[in-house]
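K.L.:
Spelled out from the first residue to the last, the chains are:
Number of protein chains: 4
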Amino acid sequence: MLKPIDAALARSVVRLRVRFYETDLMGIVHHGSYVGYLEVARVEWLRRRGVAYVSWAQRGLHMAVVDLTLRYRAPARFDDEIDVEVALGEWRAATIRFDYRLLRVGDGVLLAEGATRLACVDDKGALKRVHDEMADVLARGEAV
Amino acid sequence: MLKPIDAALARSVVRLRVRFYETDLMGIVHHGSYVGYLEVARVEWLRRRGVAYVSWAQRGLHMAVVDLTLRYRAPARFDDEIDVEVALGEWRAATIRFDYRLLRVGDGVLLAEGATRLACVDDKGALKRVHDEMADVLARGEAV
Amino acid sequence: MLKPIDAALARSVVRLRVRFYETDLMGIVHHGSYVGYLEVARVEWLRRRGVAYVSWAQRGLHMAVVDLTLRYRAPARFDDEIDVEVALGEWRAATIRFDYRLLRVGDGVLLAEGATRLACVDDKGALKRVHDEMADVLARGEAV
Amino acid sequence: MLKPIDAALARSVVRLRVRFYETDLMGIVHHGSYVGYLEVARVEWLRRRGVAYVSWAQRGLHMAVVDLTLRYRAPARFDDEIDVEVALGEWRAATIRFDYRLLRVGDGVLLAEGATRLACVDDKGALKRVHDEMADVLARGEAV
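Here the protein sequences come in this chain order: L, G, D and F.
Just so we're on the same page, our numbering is the position in the first sequence counted from 1, plus 22.
Just so we're on the same page, our numbering is the position in the second sequence counted from 1, plus 22.
Just so we're on the same page, our numbering is the position in the third sequence counted from 1, plus 22.
Just so we're on the same page, our numbering is the position in the fourth sequence counted from 1, plus 22.
Hints may contain errors.
Any copy will do: because identical chains look the same in the list, a pair fits if it lies in one copy or spans two.
Stated by the list, open to error - Pairs of lysine to aspartate or glutamate residues, derived as DMTMM-like cross-links and limited to a Cα-Cα distance of at most 25 Å, are as follows: (1) Lys-25 x Glu-135; (2) Lys-146 x Asp-101; (3) Lys-150 x Asp-101; (4) Lys-146 x Asp-102; (5) Lys-146 x Asp-129; (6) Lys-146 x Glu-103; (7) Lys-25 x Glu-66; (8) Lys-146 x Glu-135; (9) Lys-150 x Glu-135; (10) Lys-150 x Glu-112; (11) Lys-25 x Asp-158.
Just so you know, these hints were derived from the structure itself, not from any lab.
Please build the complete structure, drawing on both the sequences and the hints.
P.N.:
Listed below in structure tokens is the structure:
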């Protein structure tokens, strides 16, 4: 059962900078480092809607990644600034999907696109419905 | 243009053990750590067919990941031994795809499934056709 | 041969936030993650003095870590904001040492102290004297 | 109060292989990756003495790193095999110290030396004395 999403409210842009240790011997950002970028962007998406994800984690409410997709379009390099566009793309009873586009600040080159599907689980890893408090947040836009 | 693949020859199983630092505060393996497991498995897949990938990298022949998919089925934990089944799944003019299944040794639980599409690129990142030397290797089974 | 250092000019404070993937199953930041924090702080220390370290790296001027020391005083946790105090602590012909103190923003708790000694090396890893351009930067304070 | 150590019993050698993602844009192993190598070696040191560290962690017995020192002697590279020599170097009431030497297999080059001091802590991070079960293990050599 899909919940409706307001595309304008559901989108944030999170800026970060490539760290030296995120590169590999090809001289570019290692493809695995992007997984961390998506994670940082999700946490900031929530913070912009008034939620410290850490407070959920402390109460045993986790959003576990169950699916991950990444398409690499152009190499990112050390010290690049990256804008991670993150948007709530799908909202079901027990899972949500975030979609991402990573663009290099400056030249606007599309570096990568991706998606993560997340499931609500408790401390034991048992699947939970999206609880009301979480639902409130998902429907929110960035706080002004 | 697809090249034919002999499924029996194209498959290897690489065993590894979860490291402490690969876990996160949920007490399980962080979803990003699996990207490294796939990479280790690809490198060993080549080694079993007589190729040290490092020797290609030194000559400027890289197999860059252009697509990554991971589906997480059950959490892996610190010190788990994991069998990574890795198989050449598709072979085109300039890209190949490896498919993966990760199973916990002992109970045989399926932990994750995934795929990576790789493109042959040179030191500048320019796309190359799969060169003959590489093609020879891709058609090979594990050395006896 | 030690070069004199102006302690007031030589110090910067770089703020960062703990990422989810930097934690481990003990529920705290993994001790290895601090190595990255020191690196981020060094790169920002240079940027505040007008230098993009990436431009040096592209020209084959590297500051390779030759010694690393870290003392862990209190656990950092996911989403903590950390102020990394970084100061040029010693300046010799071919090596420099940065000293670090990491404090949690908010309660000011000392999380860790550390030091890294760095050697100037070229692309082949051969030791170089601190070149004049680098020396200029090391003597500078933060740009106003 | 120092406990006596039998140097011959206290030493193990753990072999591992450098992973691609452990390198950086200098083309060598990133200095932070060595922290993981020491950790892997400690876990194997315990396993060779009959202990799965994971079983301690599950019961809330942790050996937290409180001090870390690394001296980098020569660069390690992708796919290098490394022998990590790990020895119990000091044993006090509530802390122990492991000493490490990392040598490249093949040419025997010393890549790095290091030490970690570890404190016994419970799930809350409170300091504990080395418990008897742990003490038994520390006094043991490798199982035959």
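K.L.:
For every hint, state whether the structure bears it out.
P.N.:
Here is how each hint holds up against the structure:
Within a single copy, Lys-25 and Glu-135 get their C-alpha atoms as close as 23 Å, which meets the 25 Å cut-off; across copies the closest is 28 Å, which misses it. Taking the shortest Cα distances, Lys-146 and Asp-101 sit within 25 Å of each other only across copies (18 Å), while inside one copy they are farther apart (39 Å). Taking the shortest Cα distances, Lys-150 and Asp-101 sit within 25 Å of each other only across copies (24 Å), while inside one copy they are farther apart (39 Å). Proximity of Lys-146 and Asp-102 under a CA criterion of 25 Å is satisfied inter-copy only: 18 Å between copies versus 38 Å inside one chain copy.
Only between protomers do Lys-146 and Asp-129 lie at most 25 Å apart by alpha-carbon distance; the minimum there is 19 Å, versus 45 Å within a single protomer. When the C-alpha separation of Lys-146 and Glu-103 is checked against a cutoff of 25 Å, the pair qualifies only between copies, where the shortest distance is 21 Å, while the shortest distance within a copy is 37 Å. When the C-alpha separation of Lys-25 and Glu-66 is checked against a cutoff of 25 Å, the pair qualifies only within one copy, where the shortest distance is 22 Å, while the shortest distance between copies is 43 Å. Only between protomers do Lys-146 and Glu-135 lie at most 25 Å apart by alpha-carbon distance; the minimum there is 22 Å, versus 31 Å within a single protomer.
When the C-alpha separation of Lys-150 and Glu-135 is checked against a cutoff of 25 Å, the pair qualifies only between copies, where the shortest distance is 23 Å, while the shortest distance within a copy is 28 Å. Taking CA atoms no more than 25 Å apart as the test, Lys-150 paired with Glu-112 passes inside one copy only; the shortest distance there is 17 Å, against 37 Å between copies. For the homomeric pair Lys-25 and Asp-158, the shortest alpha-carbon distance inside one copy (12 Å) is at most 25 Å, but the shortest distance between copies (51 Å) is not.
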